[in-house]
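**Q** Each chain, letter by letter, is given below.
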Amino acid sequence: MTKIVLVDDHRMFRTGVRAELAAGDAPIDVVGEAGDVEEAIAVVEATRPDVVVLDVHLPGGTTRPGGREVLQRCGHLLTADPPVRFLALSVSDAAEDVIAVIRAGARGYVTKSISGPDLARAIGRVAEGDAVFSPRLAGFVLDAFGAGAGEVATVEDELDRLSQREREVMRLIARGYAYKEVAKELFISVKTVETHVSAVLRKLQLSNRYELTRWAADRRLL
Amino acid sequence: MLGGVASGLAGHLGLSVRAMRIAFVLTSFMGGAGLLLYVWLWAFVPSDRGVPSPGIPARPPDGPYPSGRAAGLPGAQVPGRTALRARREGRRSMAADVMFGVGLLCLGLYLLAARAGWSVNPGLVIPLAVVGLGVVVAFSQLDEVERARWVERASVGTQAAVLRLAGGVVLVVVGVLLIVVQGSADLGQLGRTLLASVAVLGGAGLVLAPWGVRLWRDLDAERAARVREAERADIAAHLHDSVLQTLTLIQRRSTDAAEVARLARAQERDLRSWLYGAPPSNVATLSAAVAEAAADAEDLYGAVVEVVTVGDRQLDERGGALVAALREALANAARHAGGTISLYVEAGPDGVEAFVRDRGPGFDIAAVPTDRSGLRESVIARMERHGGSARVVSAPGEGTEVKLFLPDAKPDAKSENKSENKSENKSENKSGTRQATEPDAGPRTEPDVDADAEVA
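Read top to bottom, the protein sequences are chains Z and D.
Per the numbering used here, residue 1 is the first one in the first sequence, and the count goes up by one each step.
Per the numbering used here, residue 1001 is the first one in the second sequence, and the count goes up by one each step.
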C-alpha cells in the first residue's frame, strides 16, 4: 500500500483526486491532505508518506512558487530512510514552474488534466523511485539540453548533454508514448527506460547547462 | 499673432485673420476691451496644438500690465509687439527676447505717462517690472505643457522648467525687495529686509511643507490607484469576454456533452495562453502555426491535442505545407480516433519532424488502403511535393501515428526523398526489415510488434 499526502489549495480538487484514486484498484492510501505551505510541511512531517502529490502554486510560505518551498523545507526527508518522494501536479505547464519543482527535488511533473489511472500509475512509479515525465516536460528537456538541435553527449555521464539513448527516450515520451511503448519501440526493457528517464531527471536537477541556468536566473529561481 | 488667439478665433468664426487682428487692435483703444478679451481668450480657450506656439512667450507684456494697456497706450504696445513679431515663426524665444520686449514696453509706458503729466516714480516702476518679469518667467513654462494642467507636477518635470521657475522666483524676490527698500539706500536695512523675507518665506515653507507633501503623496497614491484600477478593469474585461461568455454558453448547451467539452477545452486553451503564454508576436513562426492548427482541430472536432514543440523557426512556404499536412493528420486522428492526440514537432538542424499520434482503434493498413485516401492525398502527396516524406504507422488496437519529415531546402533534397519514398512504397510492411536491422537491446514486453504496418 502506497501512503500518499495530497497537497492542493483547492479542497474540491483534493476531493476529486481522492475519489478518482479510490475508484481505481491501485493500492493507494491517502493518509493526509494539506491546503497551504505550512500545513503541507506539518502533515508530511507527521505522516511520513511514500509520495506527496504536490501542487506547484500554494498559498502561505515566503517564496514562490509555494510548492518549491515545501520541497526545500522538506529537503531532509527526500534523503531519509525510507525517503519521502514528491510528484508535482499542477494546472500550469509553464516551463518556470516545471523547472522550479524539479530542481528542488520533485521526482516528476504531471498536469492536472491527467486521468485517474494515469495519476495512480505515476504515483506508483514515483514511489518506486523512478521519474515521471509528461510529454511537455520531455519536450522542455529536449529544448533546454539542445537535443532538438542534435546535441548529444559523447561521454556517458556528461551532465550538460543527453546521451543518444536518452534523447531517443525523451523524443518518444514527447510524442505521447507510455514507458511501455517506448520500451517496445526501442527494443529495450521498461526497466531500462526507467533508468534512462531517471538519468535525465538527475541531469535536469544537477546540470549547470547554460540554457537551464540562464533561463532560471532570468526568473530568479536559483 | 501673440498667442494665436486672432487666428484661432478667425478660424472659428470664418473671418480673415487680418480682420480679427484689426478688430482686436481697434477695440483695444476702447478702454482696452479688445486687449482684455484677447488675454482672457488666450488664457481659457484651449489650444488645438500639442506644441505651444512659438509666439506664446510673448504674452508677458500683456500679463503684468493690464492697467497700462487699459489706459490705451498704443505707442507702448507696438514696439514690444514688433520685436516679438519678428520671432513669431522662429525658435523658442529666449529670455532675452522677453526682456527686450518688456523693456521696450516699459520705456513706452514711462514716456507716455510722463507726457500725460503723470508723475511716475521710477523707483516704483522698475521693481514692479522686475516682479512682473519674474512672474512671467516662472509661469511661461505652463505653456510648454497644457494650460489646462497648471497644477500637474509634470509642468516642472524638465530641467529647463525648473531653471525657469527658480529664475522667476529670484526675480520676484528681488523686485519685492526693491519695492520695500525703495528710497533708502541703507544697506543695513536691505540686509535686514532680506533676512526678514527669507525668514517669512522659510516659515511659510515650513508651515506649508506638510500640506505640500501630503498633496504630493495623495497625487502619487491616486495615480497608483488609477493604474491598479486600469489593470483590474483589463483583467475583468478579459474574463468577461472569455470565461463568462463560455460559462454562459456551457449552461445553455448543458445537454450536449461533446459541445460542452469542446467549449471548456477551447476556453482552457485561451486562458492558459493568456496566463502563461508568451506575449503574442507578429512574427510568424512554425510553433505558432502548429499551435493554431492544434487549436483549430480541438475546436472543429472536439479532440484534445497535446502539443509539444522543440525548437522553432520562421514559417516559410514549405513550413506552411507541413502545417497543412499536420492539420489533415490531426483531422483524421480526431475523426477516427478521438481522445487525446499527441502532437510533437521538432525543428532540428536538418529539418522539421512532426508526429501525430492517437490512441484510437488503429487499423490494418494493408486491409483498408482506400479508406485513408484523404490521408494519402493531402498528407503524403503534399509532403512529397515539397520534398518531404510522410509515413503512417498503425495496427489494430495500437492507435495510429503519422510521421512527417521536411528536410531543410537543399539542392539535392528533393530527388533524395523521392527515391526513398519509392523504396518504401515497394515494401508495404517495413517493420519486419527494421526489426531485423535494429539490435534488440532488451527483452520485449509486447509480442505483437510484427503487427506494425507502415505505408508511404
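Keep in mind that the hints were calculated from the coordinates and are not lab data.
Treat the hints loosely; a few may be bogus.
Below, a sample of chain D positions facing chain Z; criterion: calculated Cβ distance under 7 angstroms [said to hold, decoys possible]: (1) Trp1211; (2) Arg1214; (3) Glu1306; (4) Val1308; (5) Val1310.
None of the values given here were measured: they were computed from a predicted structure.
The beta carbon of each residue, even a glycine, is placed where N, CA and C say it ideally should be.
**Q** None of the hints should be skipped; say for each whether it holds.
**A** Hint check results:
| no. | hint | result |
| --- | --- | --- |
| 1 | Trp1211 | 39 angstroms, violated |
| 2 | Arg1214 | 34 angstroms, violated |
| 3 | Glu1306 | 6 angstroms, holds |
| 4 | Val1308 | 4 angstroms, holds |
| 5 | Val1310 | 4 angstroms, holds |
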